[in-house]
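**Q** Chains as they are written, first to last, in the numbering used here: chain A, 1 to 594; chain B, 1001 to 1339; chain C, 2001 to 2280.
To be clear, the hints were calculated from the coordinates, so they are not data collected in a lab. Being a predicted model, the structure only gives us computed values, none of them experimental. Beta carbons: idealized from backbone N, C-alpha and C, even for Gly. Be careful, since some hints might not be right.
As the list claims (entries may be wrong) - Counterexamples of contact, computed for chain A against chain B with all Cβ distances above 10 Å:
1) R57
2) A104
3) M114
4) H118
5) T162
Said to hold, decoys possible - The list that follows gives simulated cross-link-like pairs (lysine to any residue, SDA-like), each with its CA atoms no further than 20 Å apart:
6) B:K1203 with C:L2237
7) C:K2136 with C:R2183
8) B:K1334 with A:L530
9) B:K1334 with A:E375
10) B:K1118 with B:I1128
11) B:K1334 with A:E555
What the hints assert, rightly or not - A few chain A residues that don't get close to chain B, going by computed Cβ distances all over 12 Å:
12) A94
13) D193
14) T461
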Amino acid sequence: MTPPLLRVDGLRIELDSGVPIVEDVSLEVRAGEVLGLVGESGSGKTTTALALLGFARAGVRIDAGAVEVDGEPLTGRGEAAVRALRGRLVSYVAQDPGLALNPALRIESLVGDMVRTHAQSQTGGDVARALASVHLPTDRPFARRYPHELSGGQQQRVAIATALVCAPRLVVLDEPTTGLDVVTQARILEEIDRLRRERGVAVVYVSHDLAVVGSLADRIAVMYAGRIVEEGPAAALLARPRHPYTRGLLGSVPDPGRPRRLESIPGVAVGVGERPEGCSFAPRCLQRTGDRALREMPPLEDVGGGHRVRCFEWALTPPLTLEEPAVPPGVDAEGPLLLVAGLRAEHRGRHDTVVAVRDVSFSIAGGECLAIVGESGSGKTTIARCVVGLHSPTEGSVVLDGTPLQPRAARRPREARRRIQIVFQNPNDSLNPRHRVGDAIARPARVLRDLPQRDAHAEATRLLERVRLPARIAERYPGELSGGERQRVAIARALAAHPDLVVCDEITSALDVSVQAAVLELLAELRVELRLALLFITHDLGVVASIGDRVLVLEDGAVCDDGPVAALLREPEHEYTRRLVESAPRLPRLPEVA
Amino acid sequence: MTDLAAPRAVAPTAGRRRPLLRFVLRRLAAAVATLFAVSILIFLGTEVLPGDAASAVLGRTAAPEQLAEMRAAMGLDRPAYERYLDWLGGVLTGDLGNSAAGYAAGGESPIWEEIRPKIVNSFVLATITALLMIPLALVLGVLSAVRAGRPLDHAVSVSSLAIISLPEFIIGSLLILVFFSWLDVLPPVSLIAPGTSPLAEPKALVLPVLTLLGASLAASIRMVRAGMVEALNAEYVTMARLNGFPERMVVRRYALRNALGPSVQVFAQNVQYLVGGIVVTEYLFNYPGLGKELVDAVAIRDVRAVQVVALLIAAFYILINIVADLLVVLLVPKLRTQA
Amino acid sequence: MNVARLRFVRTPAGLVGTVLLAAVVGIALLGPFFAPYAPDEPVGVPFSGPAEGTPFGTDFLGRDVLSRVLWGGRSVLALAGLATLLAYAGGIAIGLVAGYSRSLLDPVLMRTADVMLSFPALLFLLVLVTGAGTSKAVLVLGVALVQMPLIARIVRTATLEQSVRGFVEAAVARGESTSAILRREILPNIAGPIAADVGLRFTYAIILVASVNFLGLGLQPPAADWALIISENRGGLTLNPYVILVPAALISLLTISVNLVGDAIARSLGISTARRRLVR
């Protein structure tokens, strides 16, 4: 067996104040192998990734442990020595290429800098070869462009080319496809796979997206609260996860090919500095027996076949079974609740006008969930805003229960404003940071239902319970809550008006996978309880599969496909839909729906 | 194989039809418009507000007939818009009118003759200060940023915060106290005989330059430092370090290059600031420049002179802005393709 | 916000600034009660040095320097303070309207602000004095007018930033009135950038008022004003340096402490003031 190219041993990284971020991390990666490092926010995966280059951000330091690449240590040495190794021996591809590329230098300079610093040869040929290797044009005009003149996908390819031009033995990629549309993401993943096959580099691929990692990695390591909780061959780990967190994570991943109910993990992820004495996952663990895990940290145990788990009760972890989505409540027979006909909307800029929505028509019946899916720029958010009255369409009508609505919300009758509510994408923005949570939730009840102060606040408390949040949160400010909690509050606020239709504009796109599953699960239940109709906007086909009854596919502002979710996803007919479905990464070898 | 999502604002050929030329022309047009607006502002401020220039010249005890005569001579008895157009026409054709001081002395004295030498004097003062300020601010600002948190940075930060709070006349007065009262090495007033160049009397220039330098340097240093710190904290600088580039290269090619664009605007602002500070400084040191001329003119309500000097200074102010904008566009590639 | 207001005092700069500011303001406001002589009463030989009864000597008319200095702080504080308040009243109103209305009003207001900003402030004041004469009203209104465009710009930018946030749009979707939205959603969230700027604005108002007084184009003799005192006594620098030194020191302490406090407040709100121009 060849010696490992990357060896990490007992890595411990902490804040300057002594609070640990990453503890007891040991890894091995061989040449030509892809290791997927998986975790959600706060797991420490990015900090670990940076440490593989011997780097720690300001305020953070590598306290203990060793990182070795091809026999060369990257820790415990002076900065100058380590820096000489970076780029040549091990290189890094960052998450956001738009921010990672120097805006003042041309592409040829960016790649050329790498060559000039580490190799002796002159640049011209190397730069062209590097660009060609990632399938970018190699002509002079292209190489003389600045980063902002490239698309996101092209920028990321430049970053990858820069990382590979000096033939490093190890490449660390940190969520390199976040922010790219699904089709571009698929292409970039293909590139990475091809390059590692051709060159035999070892790859560490950091991501929160199990589906992406599952399709690319040979081995997977799952991190939670700064530690590796499970690690092993990708196939074995995904087929039969042993750690309850891994299992919960897998259960949360939406699968675009198969509509199913998502399982969520109860509780909230623990933040840096709040980690308990024993196993960090224990407070949320459903299969915990007794108190041992709360006091003692389980060691990494071998489960067989190179698969290791950090859990006392790993033998109890049941296999993952996937459930059919809950049967949606019967849809209202009498006439559609919302009817949108011939909608056309534009964005007037300083120099030009962009048509965002062309001739879009659809209907939603009471109690039904219509999903609208498309890439960024497809016009789906604009449609949502037109329905709610935040954007005036240039043509077309929005009809609620037979009554046409005014384009602007302020002009609509109060009943119309009450019956249609909206929840936004960004949890940091949906709530006024200066208002307490209880006040925020009570506001629609007071404004749209004329409830007196006391009743409105009582309603707010009831709603908090309904969205599974403790009632005492009503006194807190949004800044004290996590992203998932804030979205639940936003949902509670929408419910305070007793609406018939809730427009959800990418409400889970900014959330961790497990948090997303919990919010989607909540919505599914609320739908049944309250007979809510939903207009669910998303770019993620997997989410559509988990929550929609019918789906509308948007391409460039026009509807190109629509129909029942299950049928459309299993056998997509339209070419664009097919491309979306095929590009969406999905977990391999997941057990069939039970 | 190109990407599915082609970028919107890309093809370099599209906007390349001399974007710089179009940019300059657009800015010039805006500048001319602004200058017009400013001239109206000046006119409104000086002639339309309550307060009578004639009585200011002659004094409050002047007889009504004398006042009427003076008003007629100064052309103050005609409606406002007529006077404005008249004046504007004069300015554009080079006839800047006569100064009230001349009238008071009993004759006509063209303003342009009076202020021409003073323009040169002020220009010399401002230029010397600017030439000292820019390199000093760059060096100290960048050094403070690179060594942020260390002794040099603290010392510079604290002292610059203190100095920018001080009005010029305070800085000047304190300097006079030190270098004249106490040390007696420099003169408290800049006596430059009319007709001689200020460069012939270097001692007369030292204190005014130091005074002007004081607050403008401090402000520039703070802004350059802030820009450099921001650049040093940028993701692309971290990425450069992750790519294994030596620190010197990172600071110079990755951080500094991106901090330069904003620095140009900083210096433009501070040169403009010099223009404001020059008025007080010249008055304090009795330096025969445009600023002192302005104060003297205001004191005797010499409306014509005030208007001319104010317009001149405003034009200069705006010119600096254009030059700065041009330099920034040249230095920041992103703006070039959007221009 | 209450927490932030107190937090800044804990920083060394904030503490020093607050203490100094309290001292100088105390001298300015309470000075007249402690002045041994009236500010315009000659008590000795002009420009005589420190002596019994006149610890800082006399000025060019033989008046007691200490007394004049004790009387001389009120004017600059009152004028600058009033001007700043007016500037904020106008600037916030204009900025809110420009930032929220999304109509033609925005470019019109901002172009006007730009024109005002393309003109050196002191120059504008001098132009005003030429037209309207020297008086307290001109000074206050002039300084207010000069600061208003910058405040309006800051408020407008902050308002624009807030108006696209989710909670504001949620309020719009609820059909709330514009005034309710401005009052409940926008104003509380732009308080931060505004508060971070107050120090600089007030400092600048003081500098402007003092400078105009120094030029002899603001308050007129025999008024007692720190800047005026410096201006009218320049000739006697060698005979009695205290007549310049004391008011200069007090003005310096005032502006430095205001700036320190303002900077500390801004830092405690997480906003850096280095980039803000003092706009001279």
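**Q** The structure should be examined with respect to each hint, and the outcome stated for every one.
**A** Hints, verified against the model:
Not every beta carbon of chain B lies more than 10 Å from that of A:R57, the smallest distance being close to 7 Å; the non-interface claim is violated. Not every CB of chain B lies more than 10 Å from the CB of A:A104, the least distance being 5 Å, so the non-interface label is violated. Chain B draws A:M114 into its interface by the beta-carbon criterion, the shortest separation being 6 Å against a cut-off of 10 Å. Separation of A:H118 from chain B is inadequate, the least Cβ-Cβ distance of about 6 Å not exceeding the 10 Å criterion.
With a cut of 10 Å on Cβ distances, A:T162 falls inside the contact zone with chain B, its closest approach being about 7 Å. About 19 Å separates the Cα atoms of B:K1203 and C:L2237, which keeps this hinted pair within 20 Å; it holds. Proposed proximity of C:K2136 and C:R2183 is contradicted: the alpha carbons are some 33 Å apart, above 20 Å. Simply put, B:K1334 and A:L530 have alpha-carbon atoms about 51 Å apart, too far for the 20 Å limit, and the pair is violated.
Of the supplied pair hints, the one linking B:K1334 and A:E375 is violated, its CA atoms being roughly 26 Å apart against a limit of 20 Å. Taking the CA atoms of B:K1118 and B:I1128, the gap is near 16 Å; set against the 20 Å cutoff, the hint holds. With a C-alpha separation of about 30 Å, the suggested pair B:K1334 and A:E555 falls outside the 20 Å cut-off, and the hint is violated. In this structure A:A94 is not separated from chain B by more than 12 Å, as the shortest Cβ-Cβ distance comes to only about 6 Å.
Remark: the non-interface label on A:D193 is consistent with the geometry, its nearest Cβ contact in chain B lying 15 Å away (cut-off 12 Å). Distance check for A:T461 against chain B: the nearest CB is about 43 Å away, which clears 12 Å, and the non-interface claim stands.
The structure is inconsistent with the numbered hints 1, 2, 3, 4, 5, 7, 8, 9, 11, 12, although it conforms to all the rest.
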